Each structure stands twice: as C-alpha cells, then as structure tokens.
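*Asks:* If you want the building blocks of each chain, they are given just below.
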Amino acid sequence: MADDLFNSFMNGPDERGRFGIFGGRFVSETLMPLILSLEEEYNKAKDDPTFWAEMDDLWKHYVGRPSPLYFAERLTDHLGGAKVYMKRDELNHTGAHKVNNVLGQIILARRMGKTRIIAETGAGQHGVATATVCAKFGLKCVVYMGAHDVQRQAPNVFRMRLLGAEVIPVTSGRGTLKDAMNDALRDWVTNVRDTFYCIGTVAGPHPYPAMVRDFQSIIGKEVRWQLPELEGEGRLPDTVIAAIGGGSNAMGLFYPFLDDASVRIIGVEAGGKGVDEKMQHCASLTGGRPGVLHGNRTYLLQDEDGQIQEGFSISAGLDYPGIGPEHAWLNDIGRAEYVSITDKEALEAFQVSCALEGIIPALEPSHALAHVMKIAPELPKDHVIVMNMCGRGDKDIFTVARHLGFDMSDTEGRDMD
Amino acid sequence: MTRIDAKFAELSAASKKAFVAYVMAGDPDFDTSLEIVKGLPAAGVDIIELGLPFTDPMADGPTIQLAGQRALEAGMTLDRTLELATKFRETDDSTPIVMMGYYNPIYSRGVENFLDQAKAAGIDGLIIVDLPPEEDEELCIPAQKAGLNFIRLATPTTDDQRLPKVLQNTSGFVYYVSITGITGAAEAQSGDVGPEVARIKSKTDLPIVVGFGINTPDKAQNIASVADGAVVGSAIVSKIGAGEPVADVLAFVKTLADGAHAA
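So the sequence lines, in the order shown, correspond to chains A and B. For the first sequence, my numbering gives the first residue as 1, with consecutive numbering after it. For the second sequence, my numbering gives the first residue as 1001, with consecutive numbering after it.
Among these hints, one or two may not hold up.
Stated by the list, open to error - DSSO-like, lysine-lysine: derived pairs with alpha carbons at most 30 angstroms apart:
#1 Lys-46(A) - Lys-1119(B)
#2 Lys-1201(B) - Lys-1239(B)
#3 Lys-1165(B) - Lys-44(A)
Unchecked claim - Far from chain B, some chain A residues (derived; all Cβ distances over 12 angstroms):
#4 Arg-16
#5 Ala-45
#6 Gly-295
#7 Val-384
In case anyone wonders, no lab produced these hints; they're calculated from the structure. Predicted model only: the values in this text are computed from it and were never measured. Yeah, the Cβ is synthetic: ideal placement off N, Cα and C, and Gly gets one too.
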C-alpha cells in the first residue's frame, strides 16, 4: 500500500480519489467535469492562507470554536475506570459538528461563483447547518430530506424553513436519507451550472470524502492542543471514539491521530435492533460488503444481487446504508476498529449523560458514549478516552420520549407518529 | 464486429437512421416484459436498450425509477435479466441488445463472471451510467476485451477538452445526452442538438445517437434527422407503467420508430 511507503496513514486519497480500493469517482458524465473543477478549486483553496483565514474567523466568531474539551468527572467516577473526556461539538452554533464542514464548502461555492446550494439531510442537522450558512451569505438553499425523516424530525424542518431554505420531502425510493441523496444528485445533474452540492458527510465522489474530512479535522486538531493543557505536555489520548453514520464527525476526530500508533481508534456504528437480525441495523462495516453507491466504493448494506438495502436505527443521523470510504479503508488495514451499539444501549447512554453530566446528547453520540460505557470500566484510571459529543439532543427528545413511554402530546400540543 | 456494428453498417447502407428503444427488464413482470421485448423488432426497433433494475438509479427521473421498483418488486434480478435476454435470443439473433444500468449489481456479481454471463446471454453492449472514463479499468476495458461494446454517454457538459477522453474507449456508438438532467425530464430541442452532434462527429467516426427528452414521433424524427439515431425510454416505460396492453405499447413504439425512420 502506497501509504506504508511513507509510513503514514494520512496521505490518502491518491490522485484517483482512492483510499486503497475504496472511494473513486463513480458519477455520470454530466457531473464529471464539475467534480474535476471542484477538486481543482479545493486544491487551490487548501493552499491559500486567505481561505483558511476566513474559515478561522468564522469558526471562532460564528460557530464558537474551539469547542471545549470537557472532563466528564461524574461519568468517569460512575464507570470506575478510564478518564472520559467529551469533545463538546454539540455546543457549536446549530448544535452539531455539521457546520464545521458546511462553512468550508459554502466559502468554496462562493469562490466558484455558485449561487444556489443544495444539500441532503437525514436527521436534519446538516440541512439546518447548510440553511444557516446560506442565510448568512444570502445564498439560495434547497434541502432534500426523506419524507419519513421530515415526519420524525419536524423541529428541524421548521428551523430550515425559518432560515429561508426550501425543504423538499423526498418520496422516491423509500423516502430515507439515501433517497434524499439520490434526489440531490438528480437536482445537481439538472442544475449543474449554477448549483453547488454541499454534501454532509465524508462520502460521495472524490474530492468530497477528503474535503469534508479536512474541514472536520478541526475537531481532532483542537483535541491535540487541548488535552495537553489538561493532562500535561505531550499527552495524547489513549483512545478516541466517535459515532458513525457516513462518518464525518469520526473522521474529523480520528484523522489528526492516524499516525500516532499509541492512539486506539474506535468507530461506533448504529446496531439498531441488533446486527444479527437481518437489516434491522445500519452497521455497514459490521454487516455489509464493498459496493458502489453515491459516487464511491465503500462498504454497503446490500442484498446478494447488489441491490441497496435500507438501514434501521433509532437515530435518523446514522440511518444510511453506506460509510465514508476512508473508514472502509481504515477498517480493512486495521488502523481503526469498528463496533456497533444497539438502539437500546444508546438510549441508556443518553439517559446516563443527562443524569450524570447535565448534557442532553443527540442519539448519534449516544452510540459513541454507550461504547465508552462498555470499555471504560475495564481500563486503568490513567487511560484517557476522548469521545466526540458531536451533537446535542434537542432534536431527539420526541423520539426518546416515545421510546421511554412518555406522552408529550399534552405538553407540546402535538402527536407523535 | 458486434451485432451493434453490423446494425449500423446495415442502416448506413440503407441511409436509415437508428431507432433505439429502452425498456426496463422485468417491468411490470418477467413474462410481460419478455413479450414486449420480443415485439420490439417488429415494431421497428433497431437496437434494444434493456434496463437492469437498481434500487438507486441516480440519473433517472420518476418514470424509470418506478419501472425499476416495479421490476424489483416482481422479483427481477441480474440473473433474470440475463435470462430474459437469453430467451429473446432464441428467436432473434440479429437485433442488438445493450444493457443499461448502474455498476453495483455488476460489481457485486464480479466483473469477469458478469461479462461471461452477459456474452452467453447475447448481450452486445453496456451503458453503465456511473462509470465515467476516470473509472475505465473497472468494467469498460474488461468489457471491450471480452468483445462487448462499451457505450459512453457524452453530455452538454462534456467540453472539447474532455471529449477525447470520453471517446477514447467508447465503441459501438456514442450516446449523446441531449439535456443536463435526468431521464424523462426536460424536452430536447433539435436546434440545440444538431451543433452538438456535429461537434462530437468531428472527433469520432462512431455513430451518434441522441437520447433523454424525446417523447413523440415528431421529436424522434427531428432529433434523428440531426444525428444517427434517436433513443426513447421514459415515454415507452410510462405506457407500460400505466398498465397498457402489450399490443398498445408496441403500437406506440411503432409510431416512434416510424418517426425516427422518416428522418
């Protein structure tokens, strides 16, 4: 593997957009010229100090970065083992890590002279972040969202509309995140000249997986200087853990540590009702196999005939049948471990975080936290775990209430589906 | 020489334009689909594009998406699609069949296996929407080696600088996508298409057929008059989707074919 020649895991992707066999540019010819020009523009921006100066300024004054690295003391005491730190990306403007990446792409879109932004969204966090940044810059914003998700994430739909975005419920296919991505791609093919497709995760055709990773890497880069302030000079985390749907928050935390051999890297997929039960989960790495969808080769949930299957998770943000190609590669070469957590375990972790730390987490990072709760008790007290608290749980309280049997229809004046 | 090359040679000798019809394999079910496909040559179809159903057809509009869903729900698979071609070949050994679809079902099967089976089933060419020239090593080059044509899409966004790359490993014919968009959406205008076909023709000797946005006999005629042929898909598929009897579907196909052949 080329990367081994340089003794680095951080050189990917290659010039064809590949991480090992994963990644690539599997798009129709209409989009290909656009993908190539995006790559060219991104490469220019990446080496342009004025681009990063604009990013840094917005990250600081608009998003509220750096996000704190927080020692979860009561949780640590409760678990009785490793020290648990939370990277507080849920405190970002718009309530999740998504905005880190959206800012980068929108600045790029402006540099390319694009006037119309489209995005896909599952839980609505990426849609809200995109609508937010578009409002700030006065850009037209269209968000594709599966009809099923429009129902279960009503508060985010309203947020996007308040922010001036047009939200299009997607009924094609089965009306989920993957169908929203299909419809966004169809829009892009149709409006290729004025439109920029702002992808929300480290997936899609090259250069998206690398570009989104680079924008999200601010998370891990901050941890690299924040942890020594708390734990002493030169201290690296012993373990970093993050939840994975497409995998952008995880890639953002993991990437700056890929070449630190002492750092154990764990990605947590959505196990739904359990990975053993056929397709009642979204664990692409644990329960899928390599295939080609949405512009890249990666692990996919699919049947034996190569038809894509629907995932299942309590968390709309993890409900995607694929995973970013760099994760697929890190899995295959063994640099990162990937595990799965069930809905039930995530719900338990959600409640523990509320009760012990006063932090209402989104259901996505609740999966990461659930795995922390599994391994921390067995680890020594000087072992440092950093988990990515990548989103806050306001959007999920209706879902959680329903699962916990709490009737909110009286207090909220609305019925749950 | 594939059946596709032979067909274009024959059409060219007769100064005729090609009429290409797209149907989704297994839509609405295997038997009806086979009956339709078997009837296409007599309805004037020169080349059959046989859709391989896929759950996530990103370049297709609602009409063909729904056709794929109907086929999948009726139990269509890659094997059954190849079986349909095999059964068609039992009674027709000359009409070319181009399989059109997306890469994942083929990748899932394994490229070498797939090529052996496709060839054995009498498939002559492939149009795989999500394999641009940048990914030629995946399927395009192995397919050419196996003796199948790999037909590339050229689009309005394929500029002069890129065109040679698109044409490089193309064989059989070039499929010019007349609009930026998905199948069955906007309407193609022959005034826009003519110069584009001429632009591509200046760079290749392959026949150029034009598709996307052609839905009437008049349009088929207009477009065919400025190219080497016209493709109709969604307009036919929507008749099948509406549950029209096979004879009516084929009668409609004949009007389109007559249009293209009048060019």
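*Asks:* Verify this label for me: Arg-16(A) is non-interface relative to chain B, using a Cβ-Cβ cutoff of 12 angstroms.
*Replies:* violated, 7 angstroms
*Asks:* Given the hinted pair Lys-46(A) and Lys-1119(B), is their alpha-carbon gap at most 30 angstroms?
*Replies:* Measuring from Cα to Cα gives roughly 47 angstroms; hence the hint is violated.
*Asks:* Verify that the Cβ of Ala-45(A) lies farther than 12 angstroms from every Cβ atom of chain B, and report whether the claim holds or is violated.
*Replies:* holds, 22 angstroms
*Asks:* Report holds if the minimum CB distance from Gly-295(A) to chain B is greater than 12 angstroms, and violated otherwise.
*Replies:* violated, 8 angstroms
*Asks:* Decide if the proposed pair is consistent with the structure: Lys-1165(B) and Lys-44(A), CA atoms, cutoff 30 angstroms inclusive.
*Replies:* Holds. Lys-1165(B) to Lys-44(A) sits at ~24 angstroms (cutoff 30 angstroms).
*Asks:* Would you check whether the claim that Val-384(A) is not at the interface survives, using Cβ distances to chain B and the 12 angstroms cut-off?
*Replies:* holds, 41 angstroms
*Asks:* Would the pair Lys-1201(B) and Lys-1239(B) pass a check requiring their Cα atoms to be no farther apart than 30 angstroms?
*Replies:* violated, 33 angstroms
The structure fails hints 1, 2, 4, 6 (numbered hints given earlier, in ascending order).
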